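Colleague: Taken in order, these protein sequences are the chains called A and E.
Residue numbering for the first sequence follows the numbering used here, beginning at 1 and increasing consecutively.
Residue numbering for the second sequence follows the numbering used here, beginning at 1 and increasing consecutively.
Hints listed in this document are in silico derivations from the structure and should not be mistaken for laboratory results.
Predicted model only: the values in this text are computed from it and were never measured.
Some hints could be false.
Unchecked claim - Derived lysine to any residue pairs resembling SDA-like cross-links, with alpha carbons at most 20 Å apart:
{"#": "1", "chain 1": "E", "residue 1": "LYS163", "chain 2": "A", "residue 2": "THR101"}
{"#": "2", "chain 1": "E", "residue 1": "LYS163", "chain 2": "A", "residue 2": "LYS34"}
{"#": "3", "chain 1": "E", "residue 1": "LYS163", "chain 2": "A", "residue 2": "PRO72"}
{"#": "4", "chain 1": "E", "residue 1": "LYS163", "chain 2": "A", "residue 2": "ASN334"}
{"#": "5", "chain 1": "A", "residue 1": "LYS34", "chain 2": "E", "residue 2": "ASP135"}
{"#": "6", "chain 1": "A", "residue 1": "LYS330", "chain 2": "E", "residue 2": "MET288"}
{"#": "7", "chain 1": "A", "residue 1": "LYS271", "chain 2": "A", "residue 2": "ARG283"}
{"#": "8", "chain 1": "E", "residue 1": "LYS163", "chain 2": "A", "residue 2": "ALA339"}
{"#": "9", "chain 1": "A", "residue 1": "LYS32", "chain 2": "E", "residue 2": "VAL140"}
{"#": "10", "chain 1": "A", "residue 1": "LYS233", "chain 2": "E", "residue 2": "LEU29"}
{"#": "11", "chain 1": "A", "residue 1": "LYS34", "chain 2": "E", "residue 2": "THR137"}
{"#": "12", "chain 1": "A", "residue 1": "LYS330", "chain 2": "E", "residue 2": "ILE160"}
{"#": "13", "chain 1": "A", "residue 1": "LYS34", "chain 2": "E", "residue 2": "GLN130"}
{"#": "14", "chain 1": "E", "residue 1": "LYS163", "chain 2": "A", "residue 2": "TRP343"}
{"#": "15", "chain 1": "E", "residue 1": "LYS232", "chain 2": "E", "residue 2": "ASN250"}
{"#": "16", "chain 1": "A", "residue 1": "LYS34", "chain 2": "E", "residue 2": "TYR131"}
{"#": "17", "chain 1": "A", "residue 1": "LYS330", "chain 2": "E", "residue 2": "TYR162"}
{"#": "18", "chain 1": "A", "residue 1": "LYS330", "chain 2": "E", "residue 2": "GLY285"}
{"#": "19", "chain 1": "E", "residue 1": "LYS242", "chain 2": "E", "residue 2": "PRO121"}
{"#": "20", "chain 1": "A", "residue 1": "LYS32", "chain 2": "E", "residue 2": "MET288"}
{"#": "21", "chain 1": "E", "residue 1": "LYS163", "chain 2": "A", "residue 2": "LEU340"}
{"#": "22", "chain 1": "A", "residue 1": "LYS330", "chain 2": "E", "residue 2": "TYR136"}
{"#": "23", "chain 1": "A", "residue 1": "LYS233", "chain 2": "E", "residue 2": "PRO30"}
{"#": "24", "chain 1": "A", "residue 1": "LYS34", "chain 2": "E", "residue 2": "TYR162"}
{"#": "25", "chain 1": "A", "residue 1": "LYS330", "chain 2": "E", "residue 2": "GLY275"}
{"#": "26", "chain 1": "E", "residue 1": "LYS163", "chain 2": "A", "residue 2": "ARG336"}
{"#": "27", "chain 1": "A", "residue 1": "LYS34", "chain 2": "E", "residue 2": "VAL140"}
{"#": "28", "chain 1": "A", "residue 1": "LYS124", "chain 2": "A", "residue 2": "GLU142"}
{"#": "29", "chain 1": "E", "residue 1": "LYS163", "chain 2": "A", "residue 2": "GLU142"}
{"#": "30", "chain 1": "A", "residue 1": "LYS32", "chain 2": "E", "residue 2": "TYR136"}
{"#": "31", "chain 1": "A", "residue 1": "LYS67", "chain 2": "A", "residue 2": "VAL140"}
{"#": "32", "chain 1": "A", "residue 1": "LYS34", "chain 2": "E", "residue 2": "ALA144"}
{"#": "33", "chain 1": "A", "residue 1": "LYS34", "chain 2": "E", "residue 2": "PHE143"}
{"#": "34", "chain 1": "E", "residue 1": "LYS163", "chain 2": "A", "residue 2": "LEU345"}
{"#": "35", "chain 1": "A", "residue 1": "LYS34", "chain 2": "E", "residue 2": "PRO133"}
{"#": "36", "chain 1": "E", "residue 1": "LYS163", "chain 2": "A", "residue 2": "GLY331"}
{"#": "37", "chain 1": "E", "residue 1": "LYS163", "chain 2": "A", "residue 2": "ARG104"}
{"#": "38", "chain 1": "A", "residue 1": "LYS32", "chain 2": "E", "residue 2": "GLN130"}
{"#": "39", "chain 1": "E", "residue 1": "LYS163", "chain 2": "A", "residue 2": "THR105"}
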Amino acid sequence: MKDKKDKRKEIRAEERWYVASQWKLMWRKFIKHKLAILGGIILLIFYLIAIFCGFFSTYNIYKRYTKYIYSPPQRIHFFDEEGFHLRPFVYGMKLELDPVTWRRTYTEDKTKKYPIYFFVRGDKYEFWGLFETDIHLLGVKEPGVLFLFGADELGRDLFSRNLYAVRISLSIGLVGVAFSFILGCILGGISGYYGGAADMVVQRVIEFLMSIPTIPLWMALSAALPPEWSSIKVYFCIVIILSITGWAGLARVVRGKILELREEDFSMAAKIAGATDSRIIARHLLPSFLSYLIVSLTLAVPYMILGETSLSFLGLGLRPPVVSWGVLLKGAQNVRTIALHPWLLLPGLFVVVVVLAFNFLGDGLRDAADPYK
Amino acid sequence: MISYIMRRLLYMVIILLLISVVAFILIQLPPGDYLSAYIMNLRAAGVQVDHAQIAALRKQYGLDLPIYKQYFFWMWKMLHGDLGRSFQWETPVNELIAERLPLTVIIFLFTVIFTYAVAIPIGIYSATHQYSPGDYTFTVFGFAGLAIPNFLLALVLMFIFYKYFNLSVGGLFSSQYILEPWSIGKFIDMLKHLPIPVVVIGTAGTAGLIRVMRGCLLDELRKQYVITARSKGVVERTLLFKYPVRVAINPIVSSAAWLLPNIISGVTITAIVLGLPTTGPLLFGALMNQDMYLAGSIVMFLTLLTVIGTFISDLLLVWLDPRIRYEKSV
Numbered sequence: 001m002k003d004k005k006d007k008r009k010e011i012r013a014e015e016r017w018y019v020a021s022q023w024k025l026m027w028r029k030f031i032k033h034k035l036a037i038l039g040g041i042i043l044l045i046f047y048l049i050a051i052f053c054g055f056f057s058t059y060n061i062y063k064r065y066t067k068y069i070y071s072p073p074q075r076i077h078f079f080d081e082e083g084f085h086l087r088p089f090v091y092g093m094k095l096e097l098d099p100v101t102w103r104r105t106y107t108e109d110k111t112k113k114y115p116i117y118f119f120v121r122g123d124k125y126e127f128w129g130l131f132e133t134d135i136h137l138l139g140v141k142e143p144g145v146l147f148l149f150g151a152d153e154l155g156r157d158l159f160s161r162n163l164y165a166v167r168i169s170l171s172i173g174l175v176g177v178a179f180s181f182i183l184g185c186i187l188g189g190i191s192g193y194y195g196g197a198a199d200m201v202v203q204r205v206i207e208f209l210m211s212i213p214t215i216p217l218w219m220a221l222s223a224a225l226p227p228e229w230s231s232i233k234v235y236f237c238i239v240i241i242l243s244i245t246g247w248a249g250l251a252r253v254v255r256g257k258i259l260e261l262r263e264e265d266f267s268m269a270a271k272i273a274g275a276t277d278s279r280i281i282a283r284h285l286l287p288s289f290l291s292y293l294i295v296s297l298t299l300a301v302p303y304m305i306l307g308e309t310s311l312s313f314l315g316l317g318l319r320p321p322v323v324s325w326g327v328l329l330k331g332a333q334n335v336r337t338i339a340l341h342p343w344l345l346l347p348g349l350f351v352v353v354v355v356l357a358f359n360f361l362g363d364g365l366r367d368a369a370d371p372y373k
Numbered sequence: 001m002i003s004y005i006m007r008r009l010l011y012m013v014i015i016l017l018l019i020s021v022v023a024f025i026l027i028q029l030p031p032g033d034y035l036s037a038y039i040m041n042l043r044a045a046g047v048q049v050d051h052a053q054i055a056a057l058r059k060q061y062g063l064d065l066p067i068y069k070q071y072f073f074w075m076w077k078m079l080h081g082d083l084g085r086s087f088q089w090e091t092p093v094n095e096l097i098a099e100r101l102p103l104t105v106i107i108f109l110f111t112v113i114f115t116y117a118v119a120i121p122i123g124i125y126s127a128t129h130q131y132s133p134g135d136y137t138f139t140v141f142g143f144a145g146l147a148i149p150n151f152l153l154a155l156v157l158m159f160i161f162y163k164y165f166n167l168s169v170g171g172l173f174s175s176q177y178i179l180e181p182w183s184i185g186k187f188i189d190m191l192k193h194l195p196i197p198v199v200v201i202g203t204a205g206t207a208g209l210i211r212v213m214r215g216c217l218l219d220e221l222r223k224q225y226v227i228t229a230r231s232k233g234v235v236e237r238t239l240l241f242k243y244p245v246r247v248a249i250n251p252i253v254s255s256a257a258w259l260l261p262n263i264i265s266g267v268t269i270t271a272i273v274l275g276l277p278t279t280g281p282l283l284f285g286a287l288m289n290q291d292m293y294l295a296g297s298i299v300m301f302l303t304l305l306t307v308i309g310t311f312i313s314d315l316l317l318v319w320l321d322p323r324i325r326y327e328k329s330v
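The whole structure should be built from the sequences, with the hints applied where relevant.
Modeller: Dropping the structure here:
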């Protein structure tokens with residue numbers, strides 16, 4: 001009796017597999033890829049931070065705490081001489097200035113104890129230009145300070161700066177890929193669908209763009225941006241510069257797939273039914289390899305992020321007051337500075353984590369893109 | 001085969017022409033021309049410049065011509081070995097490039113050799129020992145190598161060496177050799193300094209190549225001819241190296257098309273961080289000072305390196321893969 005039930009269940013599961021839509025099959029295959037799920041969750045967290053970075057940050061990113069220049073990250077404590085406290089706290093920081101070398105050393109001042117509170121009121125910030133508020137997730141009461149990632153050479157809180165950098169660095173990846181996507185689809189589509197001379201020209205251009213070493217070209221192009229331009233203008237120009245070479249790879253994927261698909265019966269049928277070329281490309285061909293496109297897009301984002309970081313690190317990309325991971329890393333160019341203040345390298349860790357997460361996610365999506373294999 | 005090579009050569013010439021256009025655009029990009037920047041520099045230094053002199057210079061550089069004629073003028077001069085002058089260094093650009101380019105080429109070559117020498121054996125190992133601890137280790141290493149930007153790796157290595165071994169790893173020569181002419185001692189000294197830049201630049205490419213090699217070899221190992229050969233009793237090692245590896249090497253060779261530009265990018269930014277006397281810091285300085293004849297020429301030469309490298313890899317592929325040799329048209 002029980003055997004029969006099990007068997008029926010099995011058959012039903014099998015049936016469901018046969019009637020499941022393509023997207024459902026992809027999803028099923030995707031969730032089997034553990035690393036891809038991990039990457040997806042990490043990215044979700046980072047994008048949440050990017051959206052709500054004002055709330056998660058502890059201070060205004062331009063506010064200078066001159067008493068805390070190059071202060072190291074504070075340790076969060078649960079234990080003091082009295083024992084365990086449920087509410088974590090930080091100690092005050094005491095500055096000692098070496099009279100000869102002018103080196104700053106900070107020590108914990110155990111007499112001053114500042115418990116950490118949730119949802120505290122602090123510096124004002126605007127939530128996406130909608131309303132102004134001053135509620136932050138974490139904070140301590142004045143005159144205590146909470147520098148979770150330490151402070152920079154001007155005494156600005158690096159934790160908050162890193163969170164705001166998430167917004168810029170991650171958005172540049174997405175905007176850049178969106179630009180490349182449009183260019184890649186149009187040119188790759190034309191090249192694959194029409195073939196002949198158009199294909200020849202687009203192919204040579206792609207080959208050419210791929211043979212140019214990206215970093216020197218990007219450096220030369222972004223160095224030509226006038227210094228008096230506003231941050232927003234520079235931001236978009238950097239995105240365009242990154243996309244100039246970025247679209248080539250996408251166009252290749254589009255072209256290859258279209259070459260393959262335009263010989264299929266369904267595109268012939270559409271042609272006989274009198275559909276225009278642009279309709280066949282947009283309505284019949286593009287959707288059939290959308291999954292491959294999504295994979296290439298996911299794998300293209302980290303290159304954009306790495307490109308922006310490298311350029312800004314050299315001082316040729318985004319410029320202060322904009323904060324991105326590259327701009328923050330620019331403060332860590334000198335080996336002696338890093339040796340004294342290793343926490344300046346923290347943004348580098350975030351870059352690596354995000355790029356890894358994108359690669360894992362892309363890997364999982366690639367496996368899922370062809371669920372019939 | 002000859003027609004294939006001829007076609008590749010033709011493509012190369014077309015690409016070179018496109019590169020020269022890009023270099024020319026880069027030179028023209030900043031506001032004002034070379035001469036106005038030069039004159040401003042002279043004025044700032046307190047030198048009087050009279051109008052006749054300016055007009056003469058303008059004529060010499062062809063700056064009074066319309067833009068497309070300027071391009072041909074510049075090309076003509078370039079073909080005669082004149083790349084313009086760098087006002088920042090007060091010397092002809094070709095002298096500066098001749099001084100720095102050989103070192104770039106050396107680092108480039110060593111990195112390419114390193115990349116292939118490391119990636120191919122590891123790729124073979126990973127494919128033949130799929131899902132073993134070793135394979136997982138290399139996979140993790142591969143992903144990490146792809147995710148860490150070159151400059152960050154350089155910084156971290158510099159930091160570690162400085163902090164824990166009290167060594168500074170920048171530069172390509174010890175201080176006593178920097179100004180010396182080339183000698184055996186200087187060459188050996190350079191070899192001692194090479195590993196760190198080569199490893200830093202090569203990691204990303206190596207990681208990518210391992211993935212390619214592993215994937216291709218795995219595909220190949222699943223094919224029936226391998227099973228047939230095995231069932232006939234061919235020794236495992238001979239079987240592996242005689243057929244599947246040789247087939248799987250082809251995509252590796254053609255992957256030079258994306259690997260070489262990547263390595264040149266890496267050479268540039270790593271050299272800036274590590275302070276190597278190559279074209280990287282020269283380009284950076286030139287861009288900072290809007291010294292565009294120098295900057296444009298460097299970008300052109302760096303691209304030239306990758307184009308020549310890709311051409312060589314194309315030739316290698318013809319030699320390795322008979323299918324291309326007998327192909328009539330692509």
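Colleague: Taking the hints in turn, state whether each one holds.
Modeller: Against the structure, the hints:
For a cut-off of 20 Å, the pair hint linking LYS163 of chain E to THR101 of chain A stands: about 18 Å separates their Cα positions. Taken as a hint, the LYS163 of chain E and LYS34 of chain A pair is broken in the structure, with Cα atoms around 37 Å apart against an allowance of 20 Å. Between the alpha carbons of LYS163 of chain E and PRO72 of chain A the distance comes to roughly 17 Å, so the proposed pair stays at or under 20 Å and holds. Taking the CA atoms of LYS163 of chain E and ASN334 of chain A, the gap is about 13 Å. The hint holds against a cut of 20 Å.
Between LYS34 of chain A and ASP135 of chain E the CA atoms are separated by roughly 17 Å; this keeps the pair inside 20 Å, and the hint holds. Between LYS330 of chain A and MET288 of chain E the CA atoms are separated by roughly 15 Å; this keeps the pair inside 20 Å, and the hint holds. As the CA atoms of LYS271 of chain A and ARG283 of chain A are separated by approximately 12 Å, the hinted pair is consistent with the 20 Å bound. Using a Cα cut-off of 20 Å, the hinted pair LYS163 of chain E and ALA339 of chain A holds, with the two alpha carbons roughly 6 Å apart.
Among the hinted pairs, LYS32 of chain A with VAL140 of chain E is consistent with the structure: their alpha-carbon atoms are about 19 Å apart, no more than 20 Å. This hinted pair checks out: LYS233 of chain A and LEU29 of chain E have alpha carbons roughly 17 Å apart, not beyond 20 Å. With a C-alpha separation of about 17 Å, the suggested pairing of LYS34 of chain A with THR137 of chain E holds against the 20 Å cut-off. The straight-line distance between the Cα atoms of LYS330 of chain A and ILE160 of chain E is roughly 19 Å, inside the 20 Å bound, and the hint therefore holds.
For the suggested pair LYS34 of chain A and GLN130 of chain E, the alpha carbons sit about 18 Å apart, so the restraint of at most 20 Å is met. Restraint check for LYS163 of chain E and TRP343 of chain A: satisfied, since their Cα atoms lie roughly 14 Å apart, inside the 20 Å limit. Using a Cα cut-off of 20 Å, the hinted pair LYS232 of chain E and ASN250 of chain E is violated, with the two alpha carbons roughly 26 Å apart. For the given pair, LYS34 of chain A sits about 15 Å from TYR131 of chain E by alpha-carbon distance, which is consistent with the 20 Å threshold.
A threshold of 20 Å between alpha carbons decides the hint, and for LYS330 of chain A with TYR162 of chain E the separation of about 19 Å falls inside it, so the pair holds. Between the alpha carbons of LYS330 of chain A and GLY285 of chain E the distance comes to roughly 16 Å, so the proposed pair stays at or under 20 Å and holds. At roughly 15 Å between alpha-carbon atoms, LYS242 of chain E and PRO121 of chain E fall within 20 Å of each other, so this suggested pair holds. Of the supplied pair hints, the one linking LYS32 of chain A and MET288 of chain E is violated, its CA atoms being roughly 50 Å apart against a limit of 20 Å.
Proposed proximity of LYS163 of chain E and LEU340 of chain A is supported: the alpha carbons are some 9 Å apart, at most 20 Å. Of the supplied pair hints, the one linking LYS330 of chain A and TYR136 of chain E is violated, its CA atoms being roughly 34 Å apart against a limit of 20 Å. Distance check on the hinted pair: LYS233 of chain A and PRO30 of chain E sit about 16 Å apart at the alpha-carbon level, within 20 Å; holds. For the suggested pair LYS34 of chain A and TYR162 of chain E, the alpha carbons sit about 38 Å apart, so the restraint of at most 20 Å is broken.
For the proposed pair LYS330 of chain A and GLY275 of chain E, the alpha carbon gap of about 16 Å is at most 20 Å, so the pair holds. Distance restraint check for LYS163 of chain E and ARG336 of chain A: the Cα-Cα separation of roughly 9 Å lies within the 20 Å cut-off, and the hinted pair is therefore satisfied. For a cut-off of 20 Å, the pair hint linking LYS34 of chain A to VAL140 of chain E stands: about 14 Å separates their Cα positions. Of the pairs offered as hints, the one joining LYS124 of chain A and GLU142 of chain A holds, with about 15 Å between alpha carbons and a cut-off of 20 Å not exceeded.
Taking the CA atoms of LYS163 of chain E and GLU142 of chain A, the gap is about 36 Å. The hint is violated against a cut of 20 Å. Straight-line distance between C-alpha atoms of LYS32 of chain A and TYR136 of chain E comes to about 18 Å, which keeps the hinted pair within the 20 Å bound. Among the hinted pairs, LYS67 of chain A with VAL140 of chain A is consistent with the structure: their alpha-carbon atoms are about 17 Å apart, no more than 20 Å. Taken as a hint, the LYS34 of chain A and ALA144 of chain E pair is honoured in the structure, with Cα atoms around 17 Å apart against an allowance of 20 Å.
Distance check on the hinted pair: LYS34 of chain A and PHE143 of chain E sit about 15 Å apart at the alpha-carbon level, within 20 Å; holds. Proximity of LYS163 of chain E to LEU345 of chain A is assessed by CA-CA distance (about 14 Å); at most 20 Å being required, the pair is judged to hold. In summary, the hint linking LYS34 of chain A to PRO133 of chain E is supported, as the alpha carbons are separated by about 18 Å, within the 20 Å threshold. For the hint pairing LYS163 of chain E with GLY331 of chain A, the CA-to-CA distance comes to about 18 Å; that is within 20 Å, so the pair holds.
Between LYS163 of chain E and ARG104 of chain A, the direct Cα distance comes to roughly 18 Å. Compliance with the 20 Å bound is thereby established for this hinted pair. For the hint linking LYS32 of chain A to GLN130 of chain E, the alpha-carbon distance of about 19 Å falls within 20 Å, and the restraint holds. Taking the CA atoms of LYS163 of chain E and THR105 of chain A, the gap is about 17 Å. The hint holds against a cut of 20 Å.
In summary, the structure is inconsistent with hints 2, 15, 20, 22, 24, 29 from the numbered list given earlier, while agreeing with the others.
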